[in-house]
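Colleague: Okay, here's what each chain looks like letter by letter:
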Amino acid sequence: MAAPIRVVHYINQFFAGMGGEEAAGMGVSVSEGAVGPGRALQQALGSSASVVKTIVCGDNFFNERTAEALAAIEQHLNAAKAQVLVAGPAFGSGRYGLACALVCRKAKELGLPALTAMHEQNPGALTYRTEAIIVPTGETAAGMAEALARIAPLALKLARGEKLGPASVEGYLPQGRRVSIDRQMPGYQRALAMLLDKLHGRPFTTEVPIQMPDRVAPAKAVASVARAKLGLVTTGGLVRKGNPERAVSRMATRFHRHSVAELESLSGRDWEAFHGGYFNHIVNANPNYILPLSFLRDLEQRGMVGSIFEWIYALPGVGTSVAASRVLGRDIARDLQDGGVHAALLVST
Amino acid sequence: MISAIYELPLNTGANRVVRGARIEHVIGDPNLGPEKDYEYGMRIVRAALRALETEVSAPTLFNPLEMSLEDLPAREEVRRAS
Chain A
67 MAAPIRVVHY
77 INQFFAGMGG
87 EEAAGMGVSV
97 SEGAVGPGRA
107 LQQALGSSAS
117 VVKTIVCGDN
127 FFNERTAEAL
137 AAIEQHLNAA
147 KAQVLVAGPA
157 FGSGRYGLAC
167 ALVCRKAKEL
177 GLPALTAMHE
187 QNPGALTYRT
197 EAIIVPTGET
207 AAGMAEALAR
217 IAPLALKLAR
227 GEKLGPASVE
237 GYLPQGRRVS
247 IDRQMPGYQR
257 ALAMLLDKLH
267 GRPFTTEVPI
277 QMPDRVAPAK
287 AVASVARAKL
297 GLVTTGGLVR
307 KGNPERAVSR
317 MATRFHRHSV
327 AELESLSGRD
337 WEAFHGGYFN
347 HIVNANPNYI
357 LPLSFLRDLE
367 QRGMVGSIFE
377 WIYALPGVGT
387 SVAASRVLGR
397 DIARDLQDGG
407 VHAALLVST
Chain B
112 MISAIYELPL
122 NTGANRVVRG
132 ARIEHVIGDP
142 NLGPEKDYEY
152 GMRIVRAALR
162 ALETEVSAPT
172 LFNPLEMSLE
182 DLPAREEVRR
192 AS
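For the protein sequence lines, the chains are A and B, in the order given. So the first sequence is numbered by the working numbering: it starts at 67 and just counts up by one. So the second sequence is numbered by the working numbering: it starts at 112 and just counts up by one.
Simulated from the structure, these hints should not be mistaken for lab results. Check before you lean on any hint, since a few could be wrong.
What the hints assert, rightly or not - For each label pair, taking beta carbons as the anchor points, the in silico distance ranges come out as:
no., chain 1, residue 1, chain 2, residue 2, range
1, A, Ala133, B, Gly124, 20 to 28 Å
2, A, Arg226, B, Gly144, 56 to 64 Å
3, B, Ala169, A, Val388, 18 to 26 Å
4, A, Lys229, B, Gly144, 53 to 61 Å
5, A, Gly85, B, Thr171, 45 to 53 Å
6, A, Glu273, B, Thr171, 32 to 40 Å
7, A, Asp248, B, Leu176, 49 to 57 Å
8, A, Ser246, B, Glu181, 52 to 60 Å
Unchecked claim - Keeping only pairs whose Cα atoms sit at most 30 Å apart, straight-line, the calculated DSS-like set for lysine-lysine is:
no., chain 1, residue 1, chain 2, residue 2
9, A, Lys223, A, Lys174
10, B, Lys147, A, Lys295
11, A, Lys264, A, Lys295
12, B, Lys147, A, Lys307
13, A, Lys264, A, Lys147
14, A, Lys307, A, Lys295
Positions of the beta carbon are idealized from the N, C-alpha and C atoms, including for glycine.
Using the sequences plus the hints, can you model the full thing?
Modeller: Take a look at the structure:
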């Protein structure tokens with residue numbers, strides 16, 4: 067019987083059981099065999115494959131020292147002598163998703179087939195969907211079993227060097243690649259069939275989907291900030307201390323507006339961060355790190371900026387869908403424009 | 112947009128992107144001690160103001176660490192007792 071396919075698994079510090087946000091700065095480490103969800107991955111793969119190595123890296127380390135992280139991971143990938151890499155699943159975690167996608171890209175460069183899995187709106191998918199094979203998942207780890215069930219057969223296919231079919235058939239996110247196939251019917255017949263479906267209100271599938279890029283035209287520059295009214299916005303989850311408004315810590319569906327008319331600075335006595343995507347303690351001590359009121363008041367007093375709008379806007383960006391972000395951003399912008407604001411600073415964590 | 116992980120906003124269409132310090136402390140760095148922390152934060156804010164005053168046609172990075180201080184608005188030295 068052939069030797070089992072050798073699989074390398076990449077996960078972050080949290081899934082490796084090494085800690086949460088406070089451990090996100092840890093560097094690259096490696097373990098023999100499966101760790102954490104790797105064990106469930108092993109089960110999903112069955113006896114034809116074996117998770118021989120698990121590579122772990124902290125999400126912050128990876129995103130802030132990417133070249134360094136990839137260099138270390140490259141060494142481990144080369145040493146593993148595996149037939150396929152599985153990264154994640156990252157679900158809705160943006161930094162983890164970005165890391166998984168880049169690790170897959172690195173593996174591909176080294177000639178190692180690779181795939182990852184994350185939510186369709188994960189920044190890793192939005193940015194790298196054309197460069198990595200990404201299986202779509204739900205937003206949370208509650209979908210782990212389902213995700214692994216879809217990853218396993220694809221991983222085995224890739225390991226065996228089998229060609230993957232179209233995204234819709236194999237179950238990964240479309241990469242925008244058009245491959246010519248024979249549809250066994252001349253074009254004019256397919257066009258008529260589609261037209262008849264349309265006319266009769268029946269569902270139809272276009273053969274040529276048009277992807278509209280989401281681009282916003284840059285706003286005109288401000289002539290002089292010394293004459294401008296500036297607005298301050300943050301997605302760092304700034305809240306009043308004690309969170310009296312009961313803001314959520316992730317997956318925002320609304321924003322929160324606070325008056326800073328009387329304030330020269332944001333104090334840790336009166337404000338804090340409530341955001342499930344990063345270690346909040348540093349901002350709790352000095353909230354100006356995510357909404358630079360102290361700096362702008364300084365400049366306002368010296369006449370270097372015109373004025374600071376009395377309302378600041380805050381929400382927790384982590385896990386907030388692109389669709390929700392569009393609506394919230396538009397509403398905040400409208401508020402700012404109604405307030406006579408000329409430009410805004412948006413701080414993101 | 113001020114962010115420590117600036118590649119993401121650049122790739123998803125934010126037109127003026129200013130590089131922040133770190134995810135957990137975007138405007139400044141507590142490890143530098145109070146005076147240098149404030150200087151760094153002010154440098155980032157001034158780079159952001161510069162970005163507001165700059166015409167761009169596509170996503171553009173403004174890196175406070177690579178911008179000459181003389182170029183930035185609010186030129187007068189701003190120091191604050193901690």
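Colleague: For every hint, state whether the structure bears it out.
Modeller: For each hint, the structure was consulted:
1. A/Ala133 to B/Gly124: 20 to 28 Å: Given range 20 to 28 Å: holds, Cβ gap about 25 Å.
2. A/Arg226 to B/Gly144: 56 to 64 Å: Given range 56 to 64 Å: holds, Cβ gap about 57 Å.
3. B/Ala169 to A/Val388: 18 to 26 Å: Roughly 20 Å apart at Cβ, these two residues keep to the hinted range, so it holds.
4. A/Lys229 to B/Gly144: 53 to 61 Å: About 58 Å separates the Cβ atoms of lysine 229 of chain A and glycine 144 of chain B, which means 53 to 61 Å holds.
5. A/Gly85 to B/Thr171: 45 to 53 Å: Violated: the Cβ-Cβ distance is about 36 Å, outside 45 to 53 Å.
6. A/Glu273 to B/Thr171: 32 to 40 Å: Hint holds: Cβ distance 37 Å, inside 32 to 40 Å.
7. A/Asp248 to B/Leu176: 49 to 57 Å: holds, 55 Å
8. A/Ser246 to B/Glu181: 52 to 60 Å: Holds - the Cβ-Cβ distance for serine 246 of chain A and glutamate 181 of chain B, about 57 Å, lies within 52 to 60 Å.
9. A/Lys223 to A/Lys174: holds, 15 Å
10. B/Lys147 to A/Lys295: holds, 27 Å
11. A/Lys264 to A/Lys295: violated, 51 Å
12. B/Lys147 to A/Lys307: Between lysine 147 of chain B and lysine 307 of chain A the Cα gap is close to 27 Å, so the pair holds against 30 Å.
13. A/Lys264 to A/Lys147: violated, 52 Å
14. A/Lys307 to A/Lys295: holds, 27 Å
Going down the numbered hints, you'll see the structure goes against 5, 11 and 13, while the others check out.
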